[in-house]
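Enquirer: One-letter residues, chain by chain:
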Amino acid sequence: MRLELVKRPQRSMLFSMLSPFIAFALTIIAGAIMFAFLGVNPATALFTYFISPITEVWQIHELAIKAAPLILIAVGLSICYRANIWNIGAEGQFVFGAIIGSIVPVLYPELQGPFVLPMMLLMGMVGGALYAGIPAFLKARFGTNEILTSLMLVYVAQLFLDWMVRGPWRDPKGFNFPQTVQFNSSAVLPELMPMSGRANLGFVFALIAAVLVWFMMSRMLKGFEVRVLGSSPRAGRFAGFSLNRMVFFAFMLSGALAGLAGISEVSGAIGQLQPSISPGYGFTAIIVAFLGRLNPLGIVAAGLVLGLTYLGGEAAQSVLGISDKVARVFQGMLLFFVLGCDTLIHYRIRLVGLGASKPQVAAKLEEAR
Amino acid sequence: MDITVNILMTIATAATPLLIAAIGELVVERSGVLNLGVEGMMVMGTIGGFGAAYLTGNPWIGLFAGIALGALFSLLFAVMTLSLATNQVATGLSLTILGLGLSGMMGTNFVGLPGERLPNLYIPVLTDIPVIGRLLFGQDPIFYLSIVLVIAVAWFLFRTRTGLTLRSIGDSHTSAHALGIQVIRYRYLAVIFGGACAGLAGAHLSLVYTPQWVENMTAGRGWIALALVVFASWRPLRVLAGAYIFGAVWIGQLHAQAFGIPVPSQFLSSLPYLATIVVLVLISRNKRLTMMNTPASLGQPFVPDR
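If you read the sequences in order, they're chains B and P. Each residue of the first sequence is one higher than the last, beginning at 1 in our numbering. Each residue of the second sequence is one higher than the last, beginning at 1 in our numbering.
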């Protein structure tokens, strides 16, 4: 028995809508099996993982905190992936944006005023964009594979951050802990509803970015250019679009959004720089982008789902005593199932028994006559 | 003299996992499939190798467990990209994410435990020859395996009919299919071979290089292996050279840290990654070399029309 793919005459609208949901259902089933293997009651485990983290208002705030960077980064990545440009170094751009954005509050901790925060956010975006500009430049100038260069720069950025917080930027009054000074109040991202939880302005940035990018991709010439160059670079060239310029545009825009996510995370949820500022947001955002069908509005929903996997991982660790790595497993499975289900959009899947192939050949020959 | 021998031996130990993972991926890419999940398969090899060796007390069983786990994991990628024709880049990435997660979960109870180490080769008279004795006859068994593997792959790809078929599939899967070659079947075998190699490379890390288990202990080596394949312009012997250059960089920065030269350790640690970028730039500037050797249908999904 084997699988056979039969091309559909048109892409299936039905499966285009359904595939993320099928993928999520399959992930739940696979997750239940995994929990059973780990010796936990699957029903309790799934409840702990997916439901219990969002039953109270302050928990919804936590979800917004986790989802905000995922959405911001994924919205940027969706532009790259639509243009068939593979930026997988968003984690590095996130970290570098956070470092550049923190220059003001770390070096001038006494600086106060309403201009501090916008300046930090702007510098964070510039930092992320410049860092993303490196693989873009190498690809445009030398044709260097952007997948590998952007990924290598993740390690470099993480080591750079590690050096900064242990070396030049370490808080002199911090009892030798590897961290910078706490940001002062005017360098901290305001909370949305301080009465009920910690969620901050970062989530609003994410929503604004999603709407703006959606508008660009579906209503502006630039979005059309991205899609044309992505699906057929040759046709794009004839239309007068430049692939090299697109490489810079997609990389630097997604880098700026990742940098904004980085500085928002540092000035919002954390409040200072530490050796580690991200639980892999830059990589998880890749999953968010695909789960959201590379559509900014779909990405908002997908970001909330993936944000939930982080909260679920924490809950699984504290309640069930399972490693919080279970979050990564869920994320990986989800991406697998999404990609698999996407096949259904373009193809019908047939199971063919090996014995059946001969009559089929005969039937085809008959047809040919 | 002894120090030089020791350094050369550690370079070989650092280069071996890169070499094995890269030579496996080279075969995969020669068949036209881009598997970006090397890091994930490799990290599964580390946990398979360490876990099985720890539980049975026998590092050889660990070695086979690492290979098996890597191959099994690559099968997942093969089903997705070959049978379901999914995007290879994205599927490879998800393999890496899943591998890092699964290995972290499986390894929670192994952290900090003493591991089993594969013993180095010892042949009574030969190994005792000064200087070259230990270099030639006193390394770990996987080192010898890696050299054999490179020669075997080079011979297979360029001196056998099956190797020629494999390369033709990588260059044009439609033509190969039209000639009646079972494109998907060849690719399945190539991907599984690549997975087994990545698993072996991972097992080397947790059974020889540092016989213990730490989360994410591959530290980007899977990605460097991918870069090595590009650097070697898909040629097995150049992979050998590249792996040893990177092994030297890796060991060099460790020794520099140990000698306490006045450069922050983080800068030295980032050298292998920066070197990867530099090398990729240098090689991609040479358009003729890369264009000539890149398998033409690399990364493109293939659905046979019947």
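For the record, the hints were derived by calculation from the structure and aren't laboratory data. It is possible that some hints are incorrect.
Across the chosen pairs, the derived CB separations fall in these ranges [what the hints assert, rightly or not]:
| id | chain 1 | residue 1 | chain 2 | residue 2 | range |
| --- | --- | --- | --- | --- | --- |
| 1 | P | Phe267 | B | Asn41 | 23 to 29 Å |
| 2 | B | Asn176 | P | Phe267 | 43 to 49 Å |
| 3 | P | Thr210 | B | Arg348 | 55 to 61 Å |
| 4 | P | Asn216 | B | Pro9 | 43 to 49 Å |
Just so you have them, the derived chain B footprint on chain P, three or more residues with Cβ under 8 Å [what the hints assert, rightly or not]:
| id | region |
| --- | --- |
| 5 | 54-62 |
| 6 | 79-89 |
| 7 | 225-236 |
| 8 | 257-268 |
| 9 | 276-290 |
Each residue gets a CB set at the ideal place from its N, CA and C atoms; glycine is no exception.
Enquirer: Just to make sure I understand the rule, a stretch counts as covered if three or more of its residues have a C-beta closer than 8 Å to a C-beta of the chain. Does the region 225-236 of chain P meet that for chain B?
Expert: Result for this restraint: holds, n = 3.
Enquirer: How does the region 54-62 of chain P fare against chain B when you require at least three residues with a CB closer than 8 Å, holds or violated?
Expert: violated (count 0)
Enquirer: 43 to 49 Å was suggested as the range; check whether the CB atoms of Asn176(B) and Phe267(P) agree with it.
Expert: violated (21 Å)
Enquirer: Per the coverage rule (Cβ-Cβ under 8 Å, at least three residues), is the region 276-290 of chain P covered by chain B?
Expert: As far as the region 276-290 of chain P goes, the hint holds, because 8 residues have Cβ atoms under 8 Å from chain B.
Enquirer: Is it true that Asn216(P) and Pro9(B) lie within 43 to 49 Å of each other by Cβ?
Expert: holds (46 Å)
Enquirer: Is the coverage entry for the region 257-268 of chain P by chain B consistent with the three-residue Cβ rule at 8 Å?
Expert: holds (count 3)
Enquirer: Taking a Cβ-Cβ distance under 8 Å as contact, does the region 79-89 of chain P have three or more residues in contact with chain B?
Expert: Holds, because 7 residues of the region 79-89 of chain P bring their Cβ atoms closer than 8 Å to Cβ atoms of chain B.
Enquirer: Note whether the CB distance of Phe267(P) and Asn41(B) lies within 23 to 29 Å or breaks it.
Expert: violated (50 Å)
Enquirer: Do Thr210(P) and Arg348(B) keep their Cβ atoms within the hinted range of 55 to 61 Å?
Expert: Roughly 49 Å apart at Cβ, these two residues miss the hinted range, so it is violated.
In the structure shown, a violation is registered for the earlier hints numbered 1, 2, 3, 5, in ascending order.
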